[in-house]
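Chain order of the listed sequences is G and V.
Take the first sequence: its letters are residues 1 to 398, numbered as in UniProt numbering.
Take the second sequence: its letters are residues 1 to 295, numbered as in UniProt numbering.
Certain hints may be false.
Some chain G residues judged to face chain V by a derived CB distance under 8 Å, without partners named [as the list claims (entries may be wrong)]: (1) G36; (2) A39; (3) D170; (4) D204; (5) I230; (6) G240; (7) H259; (8) T265; (9) L390.
These are computed hints drawn from the structure, not numbers from a lab.
From a predicted model like this one, the values you see are computed outputs, not experimental measurements.
No residue lacks a Cβ here, since even glycine has one placed at the ideal position from N, Cα and C.
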Amino acid sequence: MLRKLALGTALGALAAGGALAQDIDVKLGVLNDRSGVYADLSGEGSVVAARMAVEDFKAAEKGLNVEVISADHQNKPDVGSNIARQWYDQDGVDVIVDVPTSSVALAVAQITADKNKIFLASGPGSTELTREQCQPTTIHWTYDTAALANGTGKAVTDAGGEKWFFLTADYAFGHSLEENTARVVKENGGEVVGSVDVPFPATDFSSFLLQAQSSGADVIGLANAGGDTINAIKQASEFGITQAGQKLAGLLIFINDIHALGAQTAQGLQMTSAFYWDTNDATRDWSARFEEQMDKKPSMVHAGVYSAVMDFLAAVEATGTTDGDQVAAWMKQNPYEDALMGKVQVRGDGRAVHDMYLFEVKTPEESEGEWDLLKQVSTIPGDQAFLPMLDECDFTKE
Amino acid sequence: MFELLGIPPQALLGQLLLGLINGSFYAVLSLGLAVIFGLLNIINFAHGALYMMGAFVAWMLLNYAGIGYWPALILAPLIVGVFGIVLERLLLSRLYHLDHLYGLLLTFGLALIIQGLFRNYYGISGLPYRIPDALAGGYNLGFMFLPKYRAWVVVASLVVCFGTWFMIEKTRLGAYLRAATENPVLVGAFGVNVPLLIMLTYGFGVALAGFAGVLAAPIYSVNPNMGADLIIVVFAVVVIGGMGSIMGSILTGYFLGLIEGLTRVFYPEGSAVVIFVIMALVLLVKPEGLFGRAT
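Extracted from the complex, chain G is given alone in its bound form (with noise of 0.2 Å):
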């Protein structure tokens, strides 16, 4: 405190004003889903990632008090609505970070913007937060369904399996991923050959996977996440699918859920992702940093919100204020680039453009340990991983 006080005024002493007299208080929230679905991927280790940012970006030193705090919205847009309204209002929250489930970060993003605050998306994918409802302070750092489509679609196409059948979660978030998907395959020459909508959430997959089967398709996609996915997959492996020649390939799965499957059942599935915590040294020492406080490896979610927030508060060391539009504004300038998610722009309409990556889930015999578990197929070029930017979305343009 003491040291702060003295930083605080000699730096004062130096410039009235400027960039340098600083002594700015941060307040991060971190929102999102601690108890339901989302909670392995997002959930407290988002907060970790976010108080290791602080850390990182050796924040006190540079005079920002960072205070990170964190609530559950319950996948509920009602009321994660009502947790960013009072973290605005009341709390003097600066920034939200995460916000998985994409319903609650569209609530989110209008309800940041309206207060002219940051929202740095790491959870969630529609890739609406950046088309038809853009909003001028909305970053969306990791990935959306467009990314994973045509990751995950072009690879799969382009190594062979044309003929596409689709398993469709039946609400908006599995339609659109269908349909995103469906795209990329057409586009590289592929053909989609049935689909079966699936009341969500579902247990048994069994008997809309034998329909899938008897389709001739060389491709099933999973157009769902989370459990469903993960039921999906044990019982294609159970009922012989994949060991008959069809190929599963994953739209929306985390490597919590390859984990939760073990190699034994997903091997051989393809999926898309920003982030593996073994792709090199520092890739690996984070995520180690990260598994002291979490007994867990970190997902692209957690890897996003770290970078998202060093991003972001170098930004606010930049401008010398949290105010949204100039924040977001820089950050959109200026790109970023560290170890874990490499060469970052965020464009006009607030997309970061980073690489993705094609991954394999290893065989039990090539895996050598519990989260060994993928090995990298391709890199998917940032230019070509994301949709192309909407002109009424640039926020950049006078």
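We have chain G already, so just place chain V on it with the hints.
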């Protein structure tokens, strides 16, 4: 070759078989509920959580103690059963003289607590549990590939269901049980330890849930919500079969599994609601349930 509404008969046969497999889970779970309701008058909302516990106990036995699937099939239901007995002694036994609603509220609360605790310690993604080696692989039946494990599920559930029915309806012990629920005071006067009988019945009903959990562990995701997803359907099964009717709940379980299987072929979007539609119809036409006795 003839086709039924555009579905080849082989595919239909396959789907019926799958329906029977799902029906097996419904039957074992609804049987447990029916036993508990029929003999104790408790609407056991914790049944789904105890089913989940069965799966988790099997996982824990394997991962902490190295005990495999077959011993777990006996041990896990026993452990869950003992847990149920503790619940019955400590909490439920205080509510027998009150309205059904109190038991329902208590067990509902217990279910939330149990699920919350497991979620806190094991997360939500679920845990892997492998199919035992003896039951890996499957049979090619021509019209479909039948995993050995699924065939085993059908056999195991049939044996357990009809064994339970036989014990309650045809043996002396079962006669005591039924008598004790009709008139506990009189049966007690004959020297039968009624509270013990009731305690063991609850333990047994709960053990059935644990048994279903172990059966489910290798094929469904072992996660804290697995019971919550299933329990509502199982309650609908019990209502359709007739509250408290043992044979009714067994037959209805298999029957609804088949209906659900057919719906998945002809109108997949409706497969999640078909059971509830049937429930509404049954309640309109025969409110006591298909096999229930009018009171």
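Grab the minimum C-beta distance from H259(G) to chain V and call the hint holds if it beats 8 Å, violated otherwise. 7 Å, holds
Interface restraint verdict for T265(G) against chain V (beta-carbon cut-off 8 Å): 7 Å, holds
If you take the shortest Cβ to Cβ gap from I230(G) to chain V, is it below 8 Å? Check passed: Cβ of I230(G) comes within 5 Å of chain V, closer than 8 Å.
Minimum Cβ distance from D170(G) to chain V below 8 Å? Status holds, d = 6 Å.
Under 8 Å is the threshold here; is the Cβ of G240(G) close enough to any Cβ of chain V for the hint to stand? For G240(G), the interface hint holds, since the closest Cβ of chain V sits about 5 Å away, which is under 8 Å.
Does L390(G) hold up as a contact with chain V if the rule is Cβ-Cβ below 8 Å? This hint is violated: L390(G) lies away from chain V, its Cβ roughly 32 Å from the closest one there, beyond 8 Å.
With chain V as the partner, please determine if D204(G) meets the hint condition of a C-beta pair closer than 8 Å. 5 Å, holds
Tell me if A39(G) is really an interface residue toward chain V, meaning its C-beta lies closer than 8 Å to one of theirs. OK, holds: A39(G) within 8 Å of chain V, min 5 Å.
Tell me if the interface restraint on G36(G) is satisfied: Cβ within less than 8 Å of some Cβ in chain V. 7 Å, holds
In the structure shown, a violation is registered for the earlier hint numbered 9 alone.
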